[in-house]
Structure formats: C-alpha cells, structure tokens
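Asker: So the chains spell out like this:
Number of protein chains: 2
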Amino acid sequence: MDETRSFSIAGSGTYLPRREVSASELDELTGQAAGATAERFGVVKRHWADQDETSSYMGAVAAQQALDEAGWDPSSIDVIIGACGVMEQPIPGTSLLIQRRLGLGDSGITCFDVNATCLSFLQAFDRALAGFALGEWRRALVVSADIASAALDFSEPEASVLFGDGAAAFALEAEGPHHRIAHSFRSYGDASEACKLEVGGTRLRPSDDLEDFLARAKFQMDGPEVFRATSRRFPTFLQELLGKAGTSVEGLSLVVPHQASAAALEHLKRCLADGHRKTVDIFANIGNQIATSMPFALHRARMDERLTPGEQTLLIGTSAGVSLGGSVIRW
Amino acid sequence: MDETRSFSIAGSGTYLPRREVSASELDELTGQAAGATAERFGVVKRHWADQDETSSYMGAVAAQQALDEAGWDPSSIDVIIGACGVMEQPIPGTSLLIQRRLGLGDSGITCFDVNATCLSFLQAFDRALAGFALGEWRRALVVSADIASAALDFSEPEASVLFGDGAAAFALEAEGPHHRIAHSFRSYGDASEACKLEVGGTRLRPSDDLEDFLARAKFQMDGPEVFRATSRRFPTFLQELLGKAGTSVEGLSLVVPHQASAAALEHLKRCLADGHRKTVDIFANIGNQIATSMPFALHRARMDERLTPGEQTLLIGTSAGVSLGGSVIRW
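Residue numbers (our numbering), protein chains in the order written: chain A, 226 to 556; chain B, 226 to 556.
Treat the hints with care, as some may be off.
[Unchecked claim] Restricting the straight-line Cα-Cα distance to at most 25 Å, the calculated cross-link-like pairs of lysine-lysine (PhoX-like) are:
#, chain 1, residue 1, chain 2, residue 2
1, A, Lys-421, A, Lys-443
2, B, Lys-443, B, Lys-421
3, A, Lys-270, A, Lys-503
4, B, Lys-270, A, Lys-443
5, B, Lys-469, B, Lys-270
6, A, Lys-469, A, Lys-503
7, B, Lys-443, A, Lys-421
8, A, Lys-469, A, Lys-270
9, A, Lys-443, B, Lys-503
[What the hints assert, rightly or not] Here are some chain B residues pointing at chain A (derived, C-beta under 7 Å):
#, residue
10, Gly-328
11, Arg-457
12, Phe-459
13, Pro-460
14, Thr-461
I should point out that these hints are in silico values taken from the structure, not numbers from a laboratory. Every value quoted in this text rests on a predicted model; they were computed, and no experiment measured them. For every residue, glycine included, the Cβ atom is placed at its ideal position computed from N, Cα and C.
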C-alpha cells in the first residue's frame with residue numbers, strides 16, 4: 226500500500242496563556258524543596274490559562290493566526306477538526322466552539338473532533354490527509370487546545386509540574402510540496418489505568434457520590450508504568466515505521482516529538498543518531514501540553530525554518546491508553 | 226468527485242441496559258401529570274444503565290456480538306473507532322477501554338475516538354470508509370455507547386424523558402456489496418448554546434466554584450432553538466445530499482434517522498414521500514441514545530431484513546453544535 230499523501234502547510238499559529246508560573250512557584254505548590262522542579266523535571270516555567278482563556282478561545286486565536294497566514298477566503302475551508310486531549314466541554318465539541326469564535330458559526334463548514342489523548346493532533350492530521358487523498362476536502366483547519374492545569378494534583382509532582390497549557394493550529398491544503406510518506410499508530414488498552422482522568426464522562430457523576438467524584442477529579446499518572454508500557458514497544462514501533470518509510474534514523478534530519486517529559490525526551494534522543502541536535506525540545510518553557518505539544522513544536526520548527534525541502538522529519542509520540550504514533554514527512 | 230465507497234457489514238450488535246424505566250415513573254420523576262410523558266413525548270419506556278453498565282462495558286458487549294457474527298480473527302482488526310456522544314472518561318478514550326474489555330489490550334490495534342455528538346457514528350463510519358478506500362484498513366470496528374441518564378435534569382421534561390442509554394457496534398469490511406454513494410455533513414456553531422453539557426471538560430472545574438459546577442452538571446437543551454437552527458436548514462441539506470447521490474426522496478426505500486425526539490421523527494417523516502412507512506422509528510421504547518441511536522436503529526433494520534440489496538437507505542440526523550449529517554447507501 227502506498228501511504229504517501231501530498232499536502233502543503235498554508236499557515237500555522239499558536240497561543241500561550243499570559244500567566245507564567247515559575248519553577249520555584251511549582252516547588253511551593255507541590256511541596257518540594259527549592260530547586261526540585263527545575264532539577265528533577267527540567268522545568269523552567271509553565272503557562273497556565275486564566276478563566277477567560279478557554280480551550281476554544283486559545284484554539285481560535287491560534288487558528289486565526291494560521292488563517293491569516295494562509296490568506297484563505299473562509300468559505301473555502303472544507304473542514305475544522307478539533308484535536309484536543311480533553312474537550313472544553315462534552316457537548317458540543319470544541320471544533321464547533323472554535324468555528325463560532327472564528328465568526329464562521331453560520332458557514333456550514335464540517336466540524337468534528339478526533340481524540341487520541343496526546344496523539345490527537347497526529348491522528349487528526351492523518352484523517353485530514355486521508356480526506357485530501359480522496360478529494361473529500363481541499364482545505365482543512367486542524368486545531369489543538371489544551372488546559373492541563375484544569376485538573377492537576379499537586380500532591381504528585383511528577384503528574385503535575387510536567388504540564389502546561391496552550392493551543393496550536395495548522396491550515397492544511399491538499400497537494401503541494403510536502404509528502405507524508407509513512408504513518409503508524411498502535412494502541413494497547415492494557416495500560417489504560419496508567420494514565421487517566423476519570424471525572425468528566427458518563428461513568429463518575431457528582432450526584433452519585435460527591436466526595437468520591439471530587440477525589441478523582443484530578444489527572445493521575447503512574448509514570449514508571451507508562452514508561453514500561455511504551456518503552457518496551459518503542460524500538461520495534463520505530464523500526465517498523467521507518468521501514469515503511471524506506472528510511473532509517475540516519476535519514477531523518479528533524480524529530481518533532483510529543484513533549485511528554487524531560488526524561489522521555491532524553492530517552493528518545495538517545496534512541497536516535499545525533500538525537501540531541503535533531504530533536505525539537507520545548508519542554509523546559511512550554512511543557513507537556515497534552516495534544517497541543519506536537520503541533521506547537523512543529524510550528525516552532527517551522528518558524529525556525531527547520532522544515533527543510535527534501536529532508537525528512539519524524540513526528541512521534543506516545544499517549545495515554547497507551548498508544549504509540551508516528552509519521553514520516555518529506556518536506 | 227466520486228463519493229462512492231464500497232464496504233460490507235460483517236457483523237453488528239447492540240446492548241440495552243437491564244433496568245427499565247416506565248413512562249409513568251418518568252411522569253413522577255419530572256413532576257408531570259400522569260400520562261404526560263407518554264402523551265406529550267411519545268415515550269413508552271427507557272433503559273438506563275446501572276453502575277456496572279459503563280459505556281465501555283456496553284460497547285464491548287455490542288462489539289463482541291458484532292465480532293462473533295463476523296467470525297474474524299481478532300488480530301485481523303485494523304482499527305477500533307469509538308463513536309460516543311460523551312466519553313466514559315476524558316483520559317484515555319473509550320475506544321481504548323473497549324479494546325481492553327474485548328481482551329485485545331495487548332493487540333496494538335489502532336484506537337481513537339471521533340466526536341460529533343449525536344452524529345459521532347455517522348462521522349466515524351465515514352472515516353472508516355475513507356480508510357478502506359485508501360487501503361489503510363480492511364477491517365474496522367466502530368462502536369457507539371452512551372449513558373444519557375448520567376446527566377439528565379428532571380426539572381426539564383423535554384430535556385430528560387427523551388433520552389435512553391445503550392450501545393451499538395458494527396464490524397465493517399473494505400469492499401463488498403454495499404456502496405455509500407453520497408455523504409454530507411454541515412456544522413453551524415452559532416447554535417452551540419442551544420444544546421449543551423458544560424461540565425466534564427477543561428472550562429468548568431469543581432475546585433473553582435463547586436456550587437456553580439454542580440448547577441451546570443446536567444444536560445441543557447433549548448428544544449425550540451434546536452428545532453429552529455436545524456429545521457430551516459434541513460430541506461436544502463437533504464436536497465443537496467440526494468442530489469449528490471443522484472436520487473430523490475422517492476428513490477429511497479428506507480430511512481434510518483437519529484432518534485432525536487418523537488416530534489423530530491414526525492417532522493422528518495412528513496418531509497419524505499411515504500415517510501411513515503420508510504422510517505425506522507425506535508423512539509418509543511429505546512429513545513434518543515445520543516450517538517448510539519443511529520447505529521442502534523441501523524442494527525434493528527438489519528435484523529428485520531430491511532437492508533434490501535439494490536435498494537437505497539438514507540442515514541440522517543442532526544446533532545448538538547448544531548450539525549446536520551447524512552449518507553446515502555445502496556445495499
């Protein structure tokens with residue numbers, strides 16, 4: 226099967242919340258010794274959303290930036306795909322709320338959301354490329370926006386200081402100079418307890434047992450278990466993906482990973498030839514923004530002119546569930 | 226553009242919660258006069274999920290039924306798409322939880338979720354067909370499961386008695402006798418306030434203002450506003466969809482709609498030639514199961530041998546947001 230999908234990036238944008246939280250503030254919040262957040266977790270600062278900086282607000286600002294660069298007539302957009310780790314609210318989807326904020330609420334542009342936790346963008350991007358390849362769509366807006374700070378448990382430094390908020394958006398067009406040459410996505414539900422946010426769906430309800438509901442309202446992560454579930458599968462996964470792309474680690478000039486943690490990024494860099502130079506790492510100042518990390522890092526690489534024509538980039542990451550996902554793109 | 230996508234249904238299944246709630250019980254719950262739930266809303270009974278009947282539990286039972294009929298080797302499944310109106314929990318996605326419950330948690334089968342509220346199944350089905358057309362996947366399991374009863378406000382009969390719980394799943398295969406010959410999906414975020422569930426995402430947090438959080442923890446619907454937002458757009462939408470399919474209302478032998486409400490179903494039947502005979506209506510006993518309604522009704526039609534080879538079926542519905550969506554299938 227030919228997995229090559231051609232596309233172009235017509236524009237991209239990001240949004241970072243105005244409020245900055247320093248590593249020393251995080252030390253205090255998490256009850257750690259001074260300097261621990263920086264030393265143990267490689268954190269310089271985080272950006273956290275204020276009340277008015279909702280997921281759809283941040284997503285719409287990033288999307289407008291992408292649209293401004295693209296210069297598209299809004300009526301030419303075929304689809305808006307929301308690609309958040311966690312939605313702004315269960316009903317309706319974040320894509321619809323973003324469409325309205327963009328002033329396109331009467332446009333009829335198809336809106337839906339794709340969820341694969343931290344890999345939502347990668348999966349949504351792949352769905353957009355599939356739509357392009359079939360001629361269903363010519364112009365797609367893929368938007369990630371996440372507010373991790375909404376559900377952090379500060380009694381668990383490892384499950385809290387890693388995370389930051391923000392949004393990133395890409396205006397993508399069918400055909401063009403870029404080629405996604407291979408894609409892989411593997412899921413292992415056996416590890417679904419390792420990384421979870423239980424409150425906010427159909428199972429736990431405040432009317433049943435409020436105390437229990439509130440006790441489970443924070444994100445929980447068993448870091449070592451997530452590492453075990455993903456790292457043992459990672460080498461084979463990467464090898465298969467690169468094999469499908471007909472390339473090798475040496476054939477990659479850039480790696481844009483999900484920004485899971487400083488430790489995960491270090492592990493990834495060591496798996497790659499010249500990994501420290503090739504890998505986009507924005508963890509210290511931006512953090513793990515759930516689904517937003519990958520497009521945020523890709524936008525940064527694009528702004529830094531690191532998406533070099535003819536060269537190959539690997540988008541790669543892991544997500545709660547767990548899933549492993551990656552794409553190889555030749556620019 | 227040719228929108229024809231060939232596929233086959235290898236199996237399908239459903240799950241209905243064991244607990245039955247009669248119309249007279251609903252009269253009492255909602256403070257209405259005896260008989261009002263039946264007379265005003267056309268409700269005979271509802272099925273509501275008990276604590277152990279979670280979204281992923283119900284989804285897995287329906288999925289196993291579909292897989293049993295298909296007789297597939299589980300390792301041949303390429304993708305499991307969760308297509309719920311509301312997820313079981315925000316992290317990880319319901320598709321992963323279903324994968325685990327099916328005993329496939331170490332399989333690596335791709336899992337992700339698609340959300341378009343009540344049209345999640347239609348959108349997920351379309352994404353599966355796109356994957357088939359590109360040769361990305363050959364076998365897909367699309368599963369909807371919803372527990373509307375988790376967030377009903379009984380002080381609003383119109384926003385509560387309509388809804389029921391359940392799950393439905395389809396085992397779909399690339400190529401085969403069936404052809405999806407046209408598809409349309411239009412979204413209008415201007416009406417996103419008309420139908421909403423605010424609690425369960427990144428915006429409202431119990432730690433900010435618990436009283437406000439609890440006050441907004443129920444589903445809210447402005448029925449007349451939803452009707453205005455969708456009905457004025459419906460005739461054009463239907464005409465365009467049938468035009469793309471090269472057919473007319475007369476050319477349809479069956480209509481499988483989202484089961485929004487008795488009033489909405491009646492409105493739809495009147496828009497169609499011979500609509501009362503052609504339309505699958507399971508509202509009285511099953512209700513509006515959010516995203517599960519459409520696949521549940523489709524499964525019923527399949528069991529009743531109403532998916533006649535060579536004849537055309539319209540899948541159609543509206544969802545919160547609002548969106549209008551439909552597909553024409555020739556069996």
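Asker: Under the criterion that the straight-line Cα-Cα distance not exceed 25 Å, is the pair A:Lys-469, A:Lys-503 satisfied?
Answerer: 21 Å, holds
Asker: With chain A as the partner, please determine if B:Phe-459 meets the hint condition of a C-beta pair closer than 7 Å.
Answerer: The hint is violated - B:Phe-459 has no Cβ within 7 Å of chain A, the shortest such distance being about 13 Å.
Asker: Quick one, are B:Lys-469 and B:Lys-270 close enough, alpha carbons at most 25 Å?
Answerer: Not satisfied, since the Cα-Cα distance of roughly 38 Å exceeds 25 Å.
Asker: Is the interface hint satisfied for B:Arg-457? The criterion is a beta-carbon contact with chain A at less than 7 Å.
Answerer: Because about 11 Å separates B:Arg-457 from the closest Cβ in chain A, which is outside the 7 Å limit, the hint is violated.
Asker: Would you check whether B:Gly-328 satisfies its interface hint, that is, whether its CB is within less than 7 Å of any CB in chain A?
Answerer: Where the cut-off is 7 Å and the nearest Cβ of chain A is about 10 Å from B:Gly-328, the hint is violated.
Asker: Regarding the pair B:Lys-443 and B:Lys-421, is the alpha-carbon distance no greater than 25 Å?
Answerer: OK: B:Lys-443 and B:Lys-421 at ~9 Å, within 25 Å.
Asker: Under 7 Å is the threshold here; is the Cβ of B:Pro-460 close enough to any Cβ of chain A for the hint to stand?
Answerer: Cβ of B:Pro-460 sits 14 Å from chain A, so the hint is violated.
Asker: Is B:Lys-270 close enough to A:Lys-443, meaning Cα to Cα at most 25 Å?
Answerer: Cα-Cα ~36 Å, so violated.
Asker: Can the restraint linking A:Lys-469 and A:Lys-270 be considered satisfied, given a maximum Cα separation of 25 Å?
Answerer: Roughly 38 Å between the alpha carbons, so the hint for A:Lys-469 and A:Lys-270 is violated.
Asker: Does the structure keep A:Lys-443 and B:Lys-503 at a Cα separation of 25 Å or less?
Answerer: 48 Å, violated
Asker: For the pair supplied as a hint, A:Lys-270 and A:Lys-503, is the alpha-carbon distance within the 25 Å limit?
Answerer: 23 Å, holds
Asker: Quick check on the hint: B:Thr-461 CB to chain A CB, less than 7 Å?
Answerer: Interface hint status for B:Thr-461: violated (10 Å vs cutoff 7 Å).
Hints 4, 5, 8, 9, 10, 11, 12, 13 and 14, counting from the list given before, are not met by this structure.
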